[in-house]
Every structure is written in structure tokens, then in C-alpha cells.
Amino acid sequence: MESSAYITLRNVVFSRSGRRIFDGVSLDIPRGKVTAIMGPSGTGKTTLLRLIGGQLRPDSGEITVAGHEVPKLRRKALYRLREKMGMLFQSGALFTDLSVYENVAFPLRVHTRLPEDMIRDVVLMKLEAVGLRGARDLMPSELSGGMTRRVALARSIALDPELIMYDEPFAGQDPIAMGVLVKLIRDLNSSMGLTSVLVSHDVPESLSICHYACIIADGRVIGEGTPEQLRTHPSERVRQFLEGKPDGPVPFHYPSGDAASDFGVNGEGI
Amino acid sequence: MMGRIAALGRLGLTLVASLGRSGRFLFGVLAGVPRPVTGFPLLVKQLYAVGVLSLAIVVVSGLFIGMVLGLQGYTILSDYGSESAIGQMIALTLVRELGPVVTALLFAGRAGSALTAEIGLMKATEQLSSMEMMGVDPLRRVIAPRLWAGFLAMPVLAMIFSVVGIWGGMLVGVEWLGVFEGSFWGNMQSSVDFADDVLNGFIKSVVFGFVCAWIAVYQGYDCVPTSAGISSATTKTVVYSSLAVLGLDFVLTAVMFGDF
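For the record, the sequence lines run as chains A and B. Number 271 marks the last residue of the first sequence (this note's numbering); no jumps. Number 1564 marks the last residue of the second sequence (this note's numbering); no jumps.
The set of hints was computed from the structure by calculation and includes no laboratory data. All values derive from a computational prediction rather than experimental measurement. Glycine included, each C-beta is placed from N, C-alpha and C at the ideal position. Be aware that a few hints might be false.
Label pairs and their computed distance ranges (CB to CB) [unchecked claim]:
no., chain 1, residue 1, chain 2, residue 2, range
1, B, S1536, A, P256, 27 to 35 Å
2, B, V1510, A, M126, 43 to 51 Å
3, A, P205, B, R1308, 52 to 60 Å
4, B, F1344, A, M193, 30 to 38 Å
5, B, V1320, A, R21, 37 to 45 Å
6, B, M1560, A, D122, 53 to 61 Å
7, A, M126, B, R1325, 40 to 48 Å
Partial list, derived from the structure: chain A residues whose beta carbon lies under 7 Å from chain B [said to hold, decoys possible]:
no., residue
8, R83
9, F90
10, S92
11, F96
Excised from the complex, chain A in its bound form (with noise of 0.2 Å):
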């Protein structure tokens, strides 16, 4: 696993605000699979994806991407690293100010110096892959919360990425939008080969196309493996998480003083 890792995470400590988010995280991404990273809200999944792509700095350990130690890259050289990225955000990020077809258009007229009649071909290519062709002269405003993040994904792979992330890509979606961004994080990952870095904490949907995945919880990684493997694991609080029991190590209760006195009554009849 070590020599085919795409992504590596090193004792990976981050804090924010004086809160520890990472407390030595230590991961390995492989290249072209798809790694699922799940966890309860708030755990910094997404946190992750910004120190894999150099949005954020961890306070120490390594990050390295592509053979590249991501806190350690000068800013041209992080950019540079990037246009090998694509990311999937949580609201899609639409320029909202471009039609869907200049939204996917952006990364190629930035980026490559190719003619019109070429990026109109590429365009209408990622448009079509995710089966959005037909709605490339709409505005953002007009699009549907799944096709926003379908119109997304065709522009994070506008470039050919060899890496992309998706943060959160089945929040919020009905099942048959759900659907439809699993079967194309699946196929996409297999077609065009990419390393998939996926963050939900939608269970089923993730482990039913990822690979490989880890659980973040506390700072820390308190599982990881295949989707059988995570099914069977030791762990209370992994197996908590991943039939979603609303009460175990993970309590139900928010940790509280005593109940009588906060009711009053000294312990009698409670």
C-alpha cells in the first residue's frame, strides 16, 4: 500500500482556534481507487481536504500528494500541483455569474491556450458525462441542488485531474440525485483512472463504491480498511458509527450534571 499511495498523511496535527482538530493523523491514500473518509459532523473531514490541496497548513507532520510535500511547496509550485486536482464542494462553488457551460469552460480558458472550437469540445464532452449537455447555455440559479453538483464535477475534471476529492457530494440530495452521483463517481474513477478522495458521512453510499476507507473521530483515525473489513471491526465506536446507533461510546447525552438537582428534587422520585 505504502509504494502505490497517491496521497501520504504523516502524524498530521492541526488545530483551529485553539481547538485540536487533527491529533496525529496518519493515512495513506492509494492511487487510482476510490478512499472514503467518513465520521460524524464536525470531525474535520472536510478540514482534511483543504490539507491535502495546501488550503490550509497543518501545525506539524507531513502531507505529500504526488510525491509532493504540500506544506513545504512554494505558492507557484502549489498552484501548480492543483491544476492535477479536482474538488467537488459541498455547494458545488457554480460561478454564479457564468452559464453552465462557461462555469465548466473556466479551468480551460485559465489554463490551456487551446482554440474555441476545441474547449467548445471538451465542454461539451464533461457535459455529457455527467449527462448535463443539454443544460449548458443555463445560469447556476436555474440548475436543481444535484445538477449544481453534477455541472461541478464536470468542471473539477474539466483538466483530466489525476486526483479528485468530494466533500460531501450526497448531502442534501434526494435518492434518485444520489443515485446518480454514485454511479458517476464510480464510473468516472474507473474510466479516466483517477485517485478518489471521497468525505460523507453517508455510509451505505460510500461503502458501497469506495475501495478503501478510514474514520476520523476525536481527532484521530479509529478505523480503517476495505468496506468488509470496516463491517467487522473490533471497534465499538466504529461499528457505532457505521449502523448508526444513536447511543454507545458515543453517548446520546451531552455530558451533563446531575438530573435531580437540575430538576430540584434531591433525588427523590427520579
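Starting from the structure of chain A, add chain B where the hints point.
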């Protein structure tokens, strides 16, 4: 007592940190010189948004302020029998002070707040982040054209304001109140000096344009990406720009005209 001292210290630290961040931000924007081929169309688009779309409010305000100056000037000067000096009074007031200052205040309210809200919303909807992840520097692509557009548009708007204001003053003074047209323009020509008055007023508007545009883009870029954060940043843009313009106006006036 200790609590108040600690709060004052915190306020000072926050202020210094914010000044440091805005300085680094400005350096980042100015260091990334836009490429002529891709940068020029973006600049033109922003000049339209920031400059051309501010023309209406600047022209209307300039007209009314010039007309009010004409009325007030006539009322005061006629007490001394010197109403013929009304042209000189209107021109000097507008070119030296009101042109740059009022245009900058209008600019902060019209264009500055729009810039902050637009950039803040781009941040809240992750458009700036997605640009970064596409290998495109938002400082160069989004912020720099807006900063330069504000910097270039303000002096032109201030000049238009002064010209329209003088014309408004002429309408009231000459056309309505009957001041002799020859003395109106003649007094103005003999008393307004290009280097001392016009150029100094122009320098003021250049400084105000730069400061207002800097505050506006920085507040948008640095805002908390929520609806409350954008609202607060927009308010800060107008308040800080107005205070900065009025404070700097005093300093610049003291430097330019304070040699008694």
C-alpha cells in the same frame, strides 16, 4: 478594573492583527500583477461595475450640492456685496474639498458596499475556495481587478462631481439669482490654481479611491462567511471608509493647505 484593561488589550491586539492581515493582503494583491491579456477584460468589467454604475448617484449629488452651494454662497456673499465671487467660492469648495470627499463617501456607500457583499458572498458560497483549488489565485483574478478599478474610477468620478457641481452652482447663481456671468467665470479662472487646487484635489481623490477600494475588498475577503458576517463586513466597509476619508482629508488638507 482588570477586566476593562484586559478588554482594552484584546481590542488593541485584534486591531493590530487586523491591520497586519490587511497589509499582507494588500501586498498579496499588488504583488500578483494581472496578466495583460486576461487581466484587462476583467478590469474593464469592474470599471463598468464600480465606475460607470456609480455615475448616476455622483452626477445627481454633484448637481444638488453645487446648487446648494450657489444658494448658500449667494446668501452670505450678498451681505457683503461680493456675490460676484460666488463662482470662485463654489469652484474652490468643490475642487479642494467637497468633490473628493463627498464622492469618496458616495463611492463607499454605492460601490464599496457592493464590492464587499459580492466578495463576501463568493467566499460564503466557496467560489473563492474552488478557484484556489483550480489553481487560480483569487487575489489576482477576483480582488486585483476590483481594487484597481476602484483606484482608477474614484478620481474620475470626483472630477465629474466637481464639474457637475460647478455647473449646478452656475445654474443657481447666474441663471436664477442673476449674478453676472462674466464675473462668475472670470473670478473662478483667476482664483483657481491648477497645481494648488486642482492637482491637490486630484491627489486627495486618488488617496481616497485607494483607501476605499482597499477597505472594501479586504472586508469582503476577510469576512466571516455567513449572512451575519457579510452584513457586518458591508457595514464596516461604509463606516471605516467614511471615517478614513474624513480623517485623511484633514491630514491631507493640513499638509497641502496648512502652510500659513
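So, going through the hints one by one against the coordinates:
1. B:S1536 with A:P256: 27 to 35 Å: holds, 33 Å
2. B:V1510 with A:M126: 43 to 51 Å: holds, 49 Å
3. A:P205 with B:R1308: 52 to 60 Å: Cβ of A:P205 to Cβ of B:R1308: about 56 Å, so the range 52 to 60 Å holds.
4. B:F1344 with A:M193: 30 to 38 Å: holds, 35 Å
5. B:V1320 with A:R21: 37 to 45 Å: violated, 26 Å
6. B:M1560 with A:D122: 53 to 61 Å: holds, 60 Å
7. A:M126 with B:R1325: 40 to 48 Å: holds, 42 Å
8. R83: holds, 4 Å
9. F90: Because about 5 Å separates A:F90 from the closest Cβ in chain B, which is inside the 7 Å limit, the hint holds.
10. S92: holds, 5 Å
11. F96: holds, 6 Å
When held up to the earlier numbered hints, the structure conflicts with hint 5 and nothing else.
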